[in-house]
Structure formats: structure tokens, C-alpha cells
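The listed protein sequences correspond, in order, to chains A and H. Here our numbering is used: position 56 in the first sequence is 56, and no number is missing along the way. So the mapping is simple: our numbering equals the position in the second sequence, first residue as 1, plus 1000.
Among the hints, erroneous ones may be present.
Across the chosen pairs, the derived CB separations fall in these ranges [to be verified]: (1) F1142(H) - Q516(A): 51 to 57 Å; (2) V1157(H) - E129(A): 57 to 63 Å; (3) A16(A) - F1151(H): 35 to 41 Å; (4) T1200(H) - S253(A): 55 to 61 Å; (5) F1151(H) - S73(A): 35 to 41 Å; (6) V1157(H) - Q516(A): 20 to 26 Å; (7) F1142(H) - I343(A): 55 to 61 Å; (8) D282(A) - F1307(H): 41 to 47 Å; (9) V261(A) - T1200(H): 42 to 48 Å; (10) G180(A) - P1159(H): 51 to 57 Å.
To list a few chain H residues with every Cβ distance to chain A over 12 Å, as calculated [stated by the list, open to error]: (11) E1084; (12) T1104; (13) T1163; (14) D1216; (15) Y1276.
Only pairs whose alpha carbons sit at most 25 Å apart, straight line, appear in this in silico BS3-like list of lysine-lysine [as the list claims (entries may be wrong)]: (16) K1311(H) - K313(A); (17) K1222(H) - K267(A); (18) K292(A) - K1143(H); (19) K292(A) - K327(A); (20) K1226(H) - K267(A).
In short, the hints are calculated from the structure, not lab data. No residue lacks a Cβ here, since even glycine has one placed at the ideal position from N, Cα and C.
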Amino acid sequence: MENGYADGNQVVKNAAEANKILKEHNYKVQNGDVDSFVSLQGINKVYPNGVQAVYDFNLDINKHDFIVLVGPSGCGKSTTLRMVAGLEEISSGYLYIDKVLSNYLPSKSRDISMVFQSYALYPQMSVYENIAFPLKIRKYTKRKVGKEALGYKLAIKAFENPELLARAIVEGFDKTVSFGKPHEYISTLLNISDEASKVLLSLNIPHNSIEIALDYINANKENFTVDLDSKLSVEEQKLTAAGYEFNENYELSLNGEPVFVNERLSKEEIRRKVFDAARILDLGPYLDRLPKELSGGQMQRVALGRAIVRNAKVFLMDEPLSNLDAKLRVLMRSEIVRIHEHIGATTIYVTHDQTEAMTMATRIVVMSKGWVQQVGTPHEVYSDPANLFVATFIGSPAMNIFDGTLDKNEVTLSDGFSVDLPKDFKEKDKAFYERKVEETTRLINLLDNEREFQAIRVFEPLYKALKANRVEVSKLGAEIAKSEFERLHHLVSSLEVEIYAYLDGAEIANKHEFKQLIKTKIAELNSLIKARVLEAVETKLDEINELVIPYVGEEFVSSTKAQLVEEFNKAVANEEFDLDVSKENYVEAQLDRLIALFEDHKKENKEEIIASLKEVKEALGTETLLPSLELAHETLNNILTITEADLSKIYSAQSYIEGDVKSQAVMTFGKKTKVGKKVKKVKKHKAIDPRETKILLEGMLKSYEEALKGPHTVKVGIRPEHIHLDSEYTKPSKSKPFVITPNVVELLGGELLIHAEYNNIDLIAKIPATTIVKSHEEVKLVLNKESVLIFDPISGERIK
Amino acid sequence: MDQSSTVKLHELRLPSRNAKKQRTMISFPVGKLVSFIILTVFCIIWISPFIFLFTVSLRNQTDAMLYPKEILYPHSGYSFESYEIILLGKYPETSEQHITTGVTWRDLVPWILNSCGVAIGGTIIHVLVAAFAAYAFTFLDFKYRNVLFTFLIFTMVIPGAATTLGNQTTIFGLKWNKVPLVGLILPGIGGVYGMYLIKTFFSGIPKDLIESAKMDGYSDFKIFFKIVLPLGKTVLLVQGLFGFMGGWNDLIWPQMLYGADVKRKDLWTLQVGMAYLLGKFRSSNTIGVSLAGGVICIVPVLIVYLFAANKIVEGMASAGVKR
């Protein structure tokens, strides 16, 4: 591939070869298949302490886009930006900038520039030096120029305008006008190169006053031009002697081919670029000041100047306006948009301020808790929010969300007020819930693999120990037993959750006390399990069963008891494993157990797994142990077929589940989670507890199926500006009127904000201030039916 | 009612609440005087050794022990007799004892040069090494960084004297006790205290500055020299001063290294030389000679202080303050 990049799409035999190719190309990989300018594909960020900040981030950014990442604090937007910048490592996923795989490129090679929230100006450098700083180090490919010859040519040209030349020379030496060196001033004013201005200075033109200088120039003009002409021809001869050809700008070519050099910018070029940036940003008068002598807005502009001066491929801005006061923020907002339009750079902008996002972005990415919630233009995000989170986060004042019941085409709020929806809504609703049922069933099937989770649990310690070639039999046995006992406790707690779920549905006289009783019994059960007394455990189980059988049914009780007792025996057996057994025997026994687990299993690829496990068994003690072990490990890992996208669905379901269910069954994915009152630390890898997740998903499935049957609860969203006064609104999409009593009426310019208690929420309506509405006096309002949004209360997704 | 006899309440002049206070203010400030006296007494006690040092070094041998009653005005006047003895070996005619030290002012030149070498050279190397280490510990992310740092901090617990003997063995083994300066400078350049001080200051530099420069393509060395050093120059100056003082005043280590070898006096530092001389002038009437030696030792440090006083005070203040 050209430019020394490796082709990202080529297929090679093994990792070693891939590494070799990478090393040959200096770890530069290009992927022609990536269409967009910047592409983030399945990016994840997991911090070393196990906290995951960003989940499955996918985004394609086109050239000249202004992308705004917006979300509440701690949602992972800054982390994403820092990953693009190369300041944070990308845990998994691919980042392409201009088709180049940039995951492992250091940030300086990515050709990006960034504006920091704190501006990051160097306090010891002046504004000029600050802006020039990024230009000083980088090398650029430039056309090779005969600088001396060009200098003479421009110097001759300068005599065409003697007045300006005289002024430039005099002012160049005048310390009140020029703060730099004389030749810098002259070359800037006359727009000539430094070489040319040095030539002019070497003519010793007097610089006492403009008149004297002008007289001197006019008197000696002829001499000077002749002299310089001769010097120019000498330089030209030198270039020709070296074999170069040149055009009128003295850009050199060799045998018809242009000659390029890769070098740092000269002082003159830097000065030009800095002045250009300063002109765009109105920073001219402040160039010689130190950052501490500037106001907040000026510092902000210097930071912007430092970013734009390098003309990088991508601009990153991390909350650049959050340190400014409200008025300046509005000003700088339009300034940034103006600069973006002026230079057209691709920009990624992070903010928590939705107003900034809505006004500046060409596309908005709304994030929450590390997940992307929606990507779209400001208009899309505002009028077609994908879910409840986006609907409530975007828009000020926030959208009103009611609980309602949907029956066919009519949604009814709790006070009986109803809105009829378009006719085709019924089909939409049906299609939505059918899709949901299908999806959830698939997820449940994925999780319905108790055995596989158990297999991983047995295999992992074995794998680690064998790999490190240190099988300490006693330790290993204890380790497995320990994890199995933990599992027992887990089983008990999920049993508890299930019982509570049943109890909630049943009608019991002293529900609270009854629950307390169950709770103490289960605590006793737990301590008995800890004490490893099977008989007592069984009696305790029976006791609990007797209590709960009327509410949960025989079937449930007997199945859970059998399961618990079986697990208990297994765990005890493991713990009391004979320590005299040789290490091979122990490992063999465990492997047999694993094989047995899979043999009566309905999984399609079980043969493959069993074969790989048998291979490991045979390879014990031989040299082929390690490869076969790795193979088995890989096969087993592949069993966990839950993808990140599926997790995302489960996650978003989570956010909107209310009350008990949420606190009892918390999804765990590499995060510290609270289960009950105990805080437990979950390991880094996928620590999904299948049972808890299954309970959660089954609950969801149940309600989805309910929703398909007939009337069901929904969340109804209506933006404040789509609520109108009955007397004023005349469009056909007008709904039936409803009456409220405003608590507070705010006058905001030409609009009235009405706050009122309605259907247990604080309703906010925004109406034109042409009609006077007083607080505590009833008003009649209507809705715009077309703008009513309907959300599914479980997944939070939008149905309409 | 008679108009003249009416008095509006707000026109009534109430006795000033501060009247009593004002009176005491005007009267003699006893409290202030007492504290002034106490402070003055302590101040005199504190600087008396210096006064003693200077005045007694400027006396005749005959007057040497006539203090405190003639502390400022010795009855036979001031003289440079002590300095003449120590620098030139020239004794006054009245002197009863003649101690031959074998040292003249010519020996002082290498001593002062050696001391300068240790104090200035050692300090520069130490500050550079410490600043590099502090930069790494603050801004670079490497494995076991915190473990290493904790270990280094732990070494501060070990008193210097405990490791001196080990160092001496090493240096003698390398025969560096026959070479000037190297053995004096090397053991000191890895001092943890300076690194800790500088690191504390560097932690106050916003990380954004470093990250921004990295994105612009600057290497760690360039960032260190262009951004971190200019920002941290005050703390480096403070650490430099500490290092200079330590290097100049150190006696034990140079003494252990070179002190035993009287034939190689050219390797000595000023402190070692002075200690040797003072050992010779132990009798009570030659006390002036000893103190003249002390004056010779502190004069260079005083000169450094006079030149750098402003910077040092400023640096001390800002080193403790986070930006």
C-alpha cells in the first residue's frame, strides 16, 4: 500500500506473521474499506480498576462535520474524546482517522489538535509564543525554494513603492511601533520574505525619519536596483549550476520534477501563520501579553488559535466554554461556529450543555452511563427522541412525561383524560412489541445456559493452574469449593428474590411481617450452609417451604430444593477432596466432570467442546498440553455468545425498571455493584449472573406479552411548547381540552411558562404571552395530538 | 412645650462605645513593650554567636578571653592577628607559643575550589537528576511507579549516618579517595528529599499542559526543558540552595573520605581544612584563630545569600503554594 501503510484487510496465517508485517510498516495500518473520515467502531473503555466507562461506541464522522457529544457528567463523553486524542488507551474496538488505524498511534502522529477545558496555555509564554508553540516542532513537506534569489527579487520589487518602503524601515526601528526585530516588521508590512528584508536592511538606509529615508531611497534607487540585480543573477547562476530549474517564485525542480523538502517551518512562516490565526480570532493587540494578563474570553480565543494554527485533520474540544460566564459563552459559541465554517475542520466537541449541543452541532451524539443513546441531527434528536432518556435530557424546559394506558388507538392518563392517536398506531404498537418479544426470547435463550457458566467456573482455575504448571491440589480444590459455596449463597438469594416476587402478587394479611419472617429464615439457611450441615439445611428448607407453599406452588419448591441439595453435595464433595490424590488424577477427575456436564446438553457445538476437553485429558503430562489447553479455553469462551449489543439492550431495559425488581436484580458487567446491602467486587471479565439477568428478562418478556394482548401501560411524552390554550389553538390536530390550576406562572419574554400539578407530575406548558394567565385560576389547555410521543415503560424505547 | 428644651433622641450624644478603648490606645502600650523586650532578648541571644564569632576573631591573643565585659570594645583594639596566624603563619612578637600547622593561605585556594566544586557541581547534578525523576514520577505512566516511589520515600527514614560507612567502603574500594571531587559528589546525587520536594511542585502543574504539548508532537525531553523547567524554576532554585548549603557545610563525609590523608591536603574541602586547623588551635588563648577560621568558612555562603536573597524568599514561598 502507498505511503508505507500496511493494508488492514489482508488475511495472514497467524499472529506472528501479522506482527511481522506490522513491524515492517512501522505499525501503520490503512483500511480502504472505511468510508468515513473518522470512524469509531465498537470502542470500549475499561479502566484498570475494572470500571467500564464507555460501552460499544460506534460513530462515523464525515469531513467538515461538527459532532457534539452530549450527556450528563460521568457518561463517558470526555473519555471517548480522550481516546480519539490518544490520551487514553482504547480497551477494545477500532479507531480510524482518515482511513488509518489509529488505536496504537501516539497522539502526535494522529494529526489532531485539542482545546482543553482549562485552556492549557503555557503561563511563561506570551500569546504569540503560545500560538506558535505547536508549529515549532512539526516537520512539513514543502516545495524547495531558492531563498536567496527570491530574497533579492522581492527586495528589488520593494523599490516600486518607495513611500511604503521608507515607512517600513523607519517604523521597523521605532520601538514604540515594532516590538520585534526590524527585519520581522519590514517583512510583515511589505509582505516579503525575511531574506528580502535583510537584504533591504543591508543597504543601510537611514531610519531617523520617513522624509530622510524617502529622499535617500529616491536618490539611490537606480544604484540599488542595479546592484541587487547583479546579485540576483549571481544567485540564479548558482542554482542553475546545481542543476535546478526554477519558476518565477524560485520554486525548484530537478529534471522537470518538483523538488520537495521535509523540514520545520521557518520563523517567517510561523509568524505568518500566527498572524493569520490572530486575525481570525481578533487577537492582534494581545500577542505580546502573557496569559495571566488576559480575560477568560481572550484566553479561550488563544486556546482556539493554538488549535487552528496547525490546520490539523480533526479538532477536539473538551467543554471549552464551561469556564466562561453566560454572556461570553453565547458570544464564543457563535465565534466557534464561525471559525468552524471559516476553516471547515472536522470537529468533535464535548459538552454537558444541551443548548451548546443544539446550536452548534451538525450531528449530536447523546450518551448516558457509557452507552450511546442516539445519534442524529439536532432536529432529529429533538423531535424524534429514540428513548425516554433522550426525550427528557434534550429540551428546555424538559418534556412532560405521564403514565398512561394505551388501548387500541387511544391513550388515557390516570385522571381519565384521553388522546386518540393516528389509526396506524395500533399496527406500529403491535409490531414494536412483537419485535421486543422476539428479541427478549433470544436473549433469554442465550442466558439459558446454566451449565456453560458452571463449566467456565470449573475450567478457569484448572486452566490457569495448568498453564502456569503449578497444580497445588489442595489449594485448587479449596478454591473451586469456595466458589461453589459462594454460588450456593447466590442460589439462595435468587430463591429469595423469586419468593418475594410471588409474595408481592399474593394477598396476605400481614405481608410485611411475613416477609420479615422469610428473611430471617433465609438468613439462618445461609449460616447453616456456611456451617456445612446438610441435614439442618434440609430441615430449614422444609420449614421455609411449608411457609411459602400456599403462595408459590409445590412445583417450584420441590425443584429448588432438589437443586440446592445437589449443589450442596457437590460443593462439599469438592471441599473434602482427597488430598492424597496425585495431581494428574485430580485434574482428570475435574475434566471428566466437565465432559459429563456437556454430554447431556442440548448445545449444538457440544461435540466440539467435548472433543477439545478430551484432547486436554490425553495431553496431560505431554508436551502438547499447552496448545490443546488453549484450544479448549478458546472453544469454551466462544460459548458465551452474549454480544455487547445485547448487553446494551439489557442495560437500557434496566434503566427504566422501577422499584423492587431493579434493586434486587442488578446487572453486573465489570462494575462494582450493590446486591442487597453487600457491596461486592466483580471481576473484570464478563461477570453476568445468568440467573439474575434471566429473572429480569423473564419479567420483561412477561410484560411485553401482556402488552400484546390488549390495553397496557405506556409513558406519554409531550413537550411544553406543544401544549396550548384551548381558546387560541385551532388546528385540526387539537385534542380534547383539560383543566389545570397553575401553581406558578413565569413570564419569559414573549412566553409564559405555566407550572401546574397534573396527574401527579409537575406539568410545564409554554404558551405565548398574549393571553394573561394568573396563578391559582383555572385554565383550559389542549395538546397538539401530532406531537404526543408514546414510550414503552420497560425498555424506555419510543413506540411513536 | 418650650421649643428650646425639646431634644430629639437621635441628636442626643450617646457616650461612645469605643471611648474606653480609645483611651487605652492613647496610653502607653504595655503589652507591646513587653513583647518587644522579650523578642529583642531572644533575638540577641540568637545572633550573639555571630557577634561573638566576628568580634573575637578580630582580637589579640592577649584579649581573647576578656569577654563578655569587653565584647565590643577590646582594650587593645581590633587587629587581624588571628587571620595572620591562620593564613600566613605569622605570629606576633609577644606570642608565647608558636604552633606549626604546615598550612598557609596557598593551601586555602584548593580547599575553597574543592568546596565550590562540591557545592555547585554536586548541586547542579543533583537538581537535574531529581528534576528528571520528579518529572517521571509525576507525568509518565510506567509499571510499578507507585511501588518505586513508596520505596524511595521509605529510604528517607534511614539516617544518612547509617549508610556513610558503606559508602566509604565502596569509595575506598574504587580508590576514589585519591581523586578529587568524584567521591564527594556521587553519593549525594540520588537524594530523595529534593526529588520529593520537586515532585510536589510538579504535581501542581496542570496535566493538560503536558498532554497538549504531547499532542503537538513534543517529546518528553522537550516538554521537560520547555515547559516544566521554566514553570518549576523557583522550586529548583530552592532545592539548589539547600543542596549548596548542604554541600558547602558538610564535614563528616569529606572528613571520612580525605581527612586521614594529611599528605594530600589539596583534596580537602574548606571544612576539612578548617577542622584540621581548629584541632591545632585548641588552647584557650588561640580561640580567636579558631573563630577566624569560622569566618572564612561562612563568608562565601553569605555572599551567595546576598546575591540570591530575593529569589530564594520568593521561591520558598511559591514552592509551598500549589498553583
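* Asked: Is 42 to 48 Å a correct range for the gap between the Cβ atoms of V261(A) and T1200(H)?
  -> holds (45 Å)
* Asked: K1222(H) and K267(A): Cα distance at most 25 Å?
  -> With Cα atoms ~19 Å apart, K1222(H) and K267(A) stay inside 25 Å; holds.
* Take a look at whether the Cβ-Cβ distance between F1142(H) and Q516(A) falls inside 51 to 57 Å. => holds (54 Å)
* Asked: Given the hint that K1311(H) pairs with K313(A), does the C-alpha gap stay at or below 25 Å?
  -> violated (44 Å)
* Asked: Holds or violated: are the alpha carbons of K292(A) and K1143(H) at most 25 Å from each other?
  -> violated (37 Å)
* **Assessment of proposed distance window 51 to 57 Å (beta carbons of G180(A), P1159(H))** => This hint holds: roughly 56 Å between Cβ atoms.
* To do: Please confirm whether Y1276(H) is truly not at the interface, meaning its C-beta sits more than 12 Å away from all C-beta atoms of chain A.
  => Per Cβ check, Y1276(H) is outside 12 Å of chain A; nearest 47 Å; holds.
* Taking the minimum C-beta separation from T1163(H) to chain A, is that value above 12 Å? -> holds (36 Å)
* **35 to 41 Å as the expected CB spacing between F1151(H) and A16(A), which holds or is violated** => This hint holds: roughly 38 Å between Cβ atoms.
* Outcome for the supplied range 41 to 47 Å, where the beta carbon pair is D282(A) and F1307(H) -> Hint holds: Cβ distance 44 Å, inside 41 to 47 Å.
* To do: May I ask you to check that T1104(H) keeps its beta-carbon over 12 Å from the closest beta-carbon of chain A?
  => holds (50 Å)
* Note whether the CB distance of F1142(H) and I343(A) lies within 55 to 61 Å or breaks it. => For I343(A) against F1142(H), whose Cβ atoms are near 38 Å apart, the range 55 to 61 Å is violated.
In terms of the numbered hints stated before, the structure departs from hints 2, 6, 7, 14, 16 and 18, listed from lowest to highest.
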